[in-house]
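*Asks:* So the chains spell out like this:
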Amino acid sequence: MHSQTAEKVRKALVYIILALLTFLCLFFFYILIINSTRNNFEIQKGFSFLPGGSFGQNLTNVLNDANIPVLSGIWNSLIVSTLSAILATYFSALTAYGLYAYRFRFRKAAFVFILLIMTMPTQVSALGFVNLITSVKLDDSLIPLFLPSIAAPAVFYFMYSYMESNLPMELVEAARMDGSGEFRTFNSIVLPLMKPAIAVQAIFTFVTAWNNYFMPALLISSNDKKTLPILIASLRSADFLKFDMGKVYMLITIAIVPIIIVYILLSRFIVAGVTLGGVKE
Amino acid sequence: MKEAVPKKSKAAVDYSKWGYIFIAPFFIAFLIFQLIPLVSTFYYSFFEYYRSGLKVVGPNFVGLQNFVELFNSDLLKYLGNTLILWIAGFLPQIVISLLLAAWFTDIRLKLKGQRFFKTVIYMPNLIMASAFSMLFFALFSDNGPVNSFLISSGITTEPIRFLSTVWGSRGLIALMNFLMWFGNTTILLMAAIMGINPSLFEAAELDGCTPRQVFFEVTLPLIRPILVYVFITSMIGGLQMFDVPQILTNGEGSPDRMSTTLIMFLNNHLFSKNYGMAGAVSVVLFIICAILCIVVYFSLNSDHGKKKGGR
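In order, the protein sequences belong to chains A and B. So that you can map any letter, position 170 of the first sequence is 170 in our numbering, and since no number is skipped, the others follow by simple counting. So that you can map any letter, position 57 of the second sequence is 338 in our numbering, and since no number is skipped, the others follow by simple counting.
Certain hints may be false.
What the hints assert, rightly or not - Cβ-to-Cβ under 8 Å is the rule here; a few derived chain B residues that face chain A:
id : residue
1  : W299
2  : P405
3  : L469
4  : I507
5  : Y578
None of these hints come from the bench; they were simulated from the model. Model, not experiment: these values are computed from the prediction. Using N, Cα and C, we set each Cβ at its ideal position, and we do this for glycine too.
Full structure from sequences and hints, please.
*Replies:* Here you go:
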């Protein structure tokens, strides 16, 4: 049996650890936001907890810098990440359902194959991928950045695990008896049940695509096709000390804001979706 | 009820073509974007094929010469760096995430402000790795805000040159990886724990289990599939570690290439268009991953076997 005081001590300890982690998570971004409102001179002079008055000036400086096409960068990143998330979650759920709900000859082989390739980083085939994309003249295009998301083994595995514990076959069989076609059953019965899993995986895929720097940096060459990570990286390779630090902090801030908006929109969906979660026994 | 459900064998005959149709897009995309490129990557690894200036040398078949050259370079050092950096970030991540997930889902704790904490801890994961790394570079540079804070508060008199020491830059990389991924892992584990039938927790509570017992006897065994998933994705992430060290050290892995990862090494060859050597690095990376894949496959497989037996 648990005594009242022990429970209180435990609770206090939990809150202290949570407070520490919260500080660790927010502190760096707090300095980032503060520094994006201060001009280069103020930043070089030292550290401050209070914002300065150069937010507008820094923003104008970044937007007017022809070497850093920020607006098209945001747009390109949004296109690639959104399409990646949609393709990866939809086709992973479809593949998982195909292997979960049907018994066919190569089912076991297909499942084993996907599990085997799951831990294989896509970078091992980067050389061949770049050459293939170049030979079909799709380098310097956004298409090769999102289309391969159709085959996302890790997302598939999550969907499959989720189906095992949350999708009773009785439901599918009931839909069949009501005369629902296989595709319709998947789209209107299975997909809604998969919402929590899809939401979690959509966030992960979106963020992964948004973060992706390796492949875009190898493929994209023209300025108007560049995604945000390439623009950020170009700051680092420029002679850093000569750079306007207000501009650097402002560009980093710009790279963060759109995704935080997306996150806030999806986080409601996720929290509700996870707690509602599928069919109970 | 029972007679209404079609027999298993009958259903297999009726619906099997849908299985093929549903998994086809995945396999077609995999074939085009991963398998064919992988085969051509292997092919290039046996050729001398590079660009020097505007001149293209090769492709000339050289057998295993690229691999001999590769192992005479610093390949093993970079492999070690990659593993050290991954472990230093993953250990604190999994411990903290398990604790947080258990606390957040503990009905008895009734934590307030859960939504806020969850939102906050996941936030670093949203930050583009390259932007986060650029931020850390600016903050921890010799005359950056962190050093100016340390000096003005009297903790040090000289600026700490974080990026010039091995454990300074490795520590920053591990810290960034931890911050970026522990919230993500926590949410994933929470989703798994919340997927557990609440009546199991209620039963455990009625039986007088302590929170510790509930965690080890009920929660942990039931979220094992998701734990395996977390471990796998983290390992993939670790081997693919690139953006953070690349941007933090401007691709040099400074100091003295002690934070150069395998993918940074590959990237250097790809960028200088030395296709023969890039192919050889890829093959080595593939072999390492293939070994890991088999280990992972067997651990997953035993898991599935148990689950089926349980039913």
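*Asks:* Indicate, hint by hint, whether the structure satisfies it.
*Replies:* Okay, the hints, checked on the actual structure:
At a threshold of 8 Å, the smallest CB-CB gap from W299/B to chain A is about 5 Å, leaving the interface hint in force. A hinted interface residue such as P405/B counts as satisfied when its beta carbon comes closer than 8 Å to some beta carbon of chain A; here the least separation is about 6 Å, so the hint holds. Interface hint at L469/B: satisfied, since its Cβ lies 7 Å from the closest Cβ of chain A, which is below the 8 Å cut-off. Of the supplied interface hints, the one on I507/B holds, with its beta-carbon coming within about 7 Å of a beta-carbon of chain A, less than 8 Å.
Checking Y578/B against chain A by beta carbon gives a least distance of about 5 Å; that is within 8 Å, so the hint holds.
The structure shown violates none of the earlier numbered hints.
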